[in-house]
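Peer 1: Which chain is which? The protein sequence lines are A and B, in order.
Reading the first sequence from the start, the letters are residues 0 to 489 in numbering that gives the first Met the number 0.
Reading the second sequence from the start, the letters are residues 0 to 178 in numbering that gives the first Met the number 0.
Because the hints were derived from the structure by calculation, they are not lab data.
One or more hints might be untrue.
[What the hints assert, rightly or not] No farther apart than 20 Å at their CA atoms in a straight line, the calculated lysine to aspartate or glutamate pairs in the EDC-like style are these:
(1) A/Lys456 / B/Asp14
(2) A/Lys455 / B/Asp14
(3) A/Lys447 / B/Asp14
[As the list claims (entries may be wrong)] Restraint ranges, calculated between C-beta atoms of paired labels, are given here:
(4) B/Leu63 / A/Val404: 43 to 51 Å
(5) A/Ala38 / B/Arg171: 40 to 48 Å
(6) B/Met82 / A/Gly66: 25 to 33 Å
(7) B/Pro29 / A/Lys362: 37 to 45 Å
(8) A/Asn25 / B/Met92: 52 to 60 Å
(9) B/Ala118 / A/Pro145: 29 to 37 Å
(10) A/Asp464 / B/Ser1: 50 to 58 Å
(11) A/His462 / B/Thr66: 51 to 59 Å
(12) B/Pro93 / A/Val404: 34 to 42 Å
(13) A/Trp360 / B/Ala118: 48 to 56 Å
(14) B/Ala117 / A/Lys362: 49 to 57 Å
(15) A/Pro145 / B/Asp14: 25 to 33 Å
No residue lacks a Cβ here, since even glycine has one placed at the ideal position from N, Cα and C.
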Amino acid sequence: MASHSESIIREPLITGKNITYAQITNEVLAPVENKPNMAWWIGFVLSVIGASIWLFSISWTFWYGIGEWGLNKTVGWAWDITGFVWWVGIGHAGTLISAVLLIFRQNWRNSINRSAEAMTIFAVICAATYIFGHMGRVWLAYWTLPLPNQFGSLWVNWNSALMMDVFAISTYFSVSLVFWYTGLLPDIASIRDRATGLRRRIYSIMSFGWTGSVKTWQRFETVSLILAGISTPLVLSVHTIVSFDFATSLEPGWHTTIFPPYFVAGAIFSGFAMVQTLLLIARKVLGLENYITMFHIESMNKIILLTGSVVGVAYITEFFIAWYSGVEYEQYAFINRSTGPYWWAYWSMMTCNVITPQLFWFKKIRINIPLSWILSIIVNIGMWFERFVIIVTSLHRDFLPSSWVMFYPTWTDVGIFVGSIGFFFVMFLLFLRVLPSVAMAEVKLLVKTSSEQAKKKLIDEGHLDPTHVDDYVKALEKYDSVDLTQYHKA
Amino acid sequence: MSSTKFILGCFEDPDQMMDGITKLQKNSIPIYDVYTPMPIHGIEAKLGVKESRLGYAAFCFGCLGATVVFSIVYYTLVHDWPMNIGGKPHFAMPDFVPFTFEWTILFTAFGMVATFFAATHLFPGRAPRVMDLRATDDRFVIAVDAKGNIPHDDITRLLEEAGAVEVKHNKRKYVSYDE
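Isolated chain A, as found in the complex:
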């Protein structure tokens, strides 16, 4: 039942006084039901400009072919696959938050899962554009399907990691979409029942006729739990398979068994950084400080610290194993990475991914919003460099020194990458306007247990251990949304 109270030593997940169910609906739906503010318009216009650059660059690629990219016969794979892996990785945090944290019953996921899942979907869409971009002749995309010889090829090569990628990414995208949309149904119904006229009609169609009856909720919860259960291994498989693209090759620097776990950790790392980048802004602009609290921010920073450290250990292990293997090509690949012509990329990666996230050991930094935001951007940059380093430095020095080259991106490469960020933000900003950015139904579940007001009530009732109360009040100090005076007057 909803009425059991949670231990006082747990920090609250919703802050504010006298939060009612109606207030949650009002506050979460405010951006959906009102006209956008100036900040949104500025962001949207900038994103549309970015998306236009993307559209132009990708059209240019399709028209003239991938010869327009900066690739050469030695470096046959560069910014395209870098961008792809970067985006897929970013997507991972959404599934991690919605699935893994659901299985572990981490209730703090309730207020961030919706926007994180949206981010996943948009990031995977951006990644998918790279797959199609890669094909060059995008109109032959159906060749990735298992079609027989009459279509001009043999059956697809099931032994190829790229084929596995097609299956992994398409499954990941569609399952994430189903998970996200199923979760949206009750909230879309809330919008529907408050709207009038055409808006009501549109949201009515989108709500699938949701009523919130007992049986519907029961099935809904079963579906959510099973989807979470299958999405957890799915999300781990996706970046594992992405890493197969490299690990199953014989290229020095790629041919390593550490890649799957190392890629997954990196993906969660970059994904949480992107969630942080988006939500720190969104909570301010949308006024969601009471739902996305300092506890959420600090928890995400802790995950960034953990996964950043895992990635750091992976980098060092990789280096050690290159030496320990005794394979001179492998050894050369790593020495070249760190001291060769791409040393700056390697050390940017090391700095942004391994060194600066260690600052999160300090609580002062974990709960500092501007610093957290800057560090999250740095992680995003670092993770882009990680993929660039892995891909380009392994390729650019071939076995034949006469083939040794550098990679220089063309404007098309840059346009596709920068533009895809714009494209991503167009989708995300539109999402904030038309769908609730916080899962209302799930947040409402927390009002009577994990909210500041519920805990205040327990304190006022006075049956609690005073040392626990002191600890709790101390923990509240970090919150920027809590008025502490009410606790100190007693």
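Given chain A, put chain B in place with the hints provided.
Peer 2: Here is chain B on its own, set in the frame of chain A:
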């Protein structure tokens, strides 16, 4: 004979709503359904709603997905057009694992959600069978079929005693969405 079709007890607190259910049940008044803006844990047991069998559906769809894709890969790679790649065996099962895994997940997810939608009658364009518009916002609504459950005043009193902020005597079952 009154023209009331449904009596709705609207609560603003889920625990009071649970009390309302208890009170109605003690007085042998059958509950038609309960509409809430969020899932209420423990309500199924109280109302005697059977456990969902969607898990079994999910399992079956998962098995189907695994079988389908394994068969496709086997047919193409081993049976229809075996390729000699360095003399390695055609039936290289480890290579099948990622595909089998992905489609197990894919079929489980889509099959289960489709079953959920079909069983619950959820589909785009379905006219919402909603009794009170605030049941998706901030009201926890117990619906009692008025027909045969008389006297209505007793039901109203029971609901109010449990803490209902409003008891509605509705002349039509569902809210009209076509105004």
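Peer 1: Hint by hint, where does the structure go against what was stated? Just the numbers, ascending.
Peer 2: 7, 15
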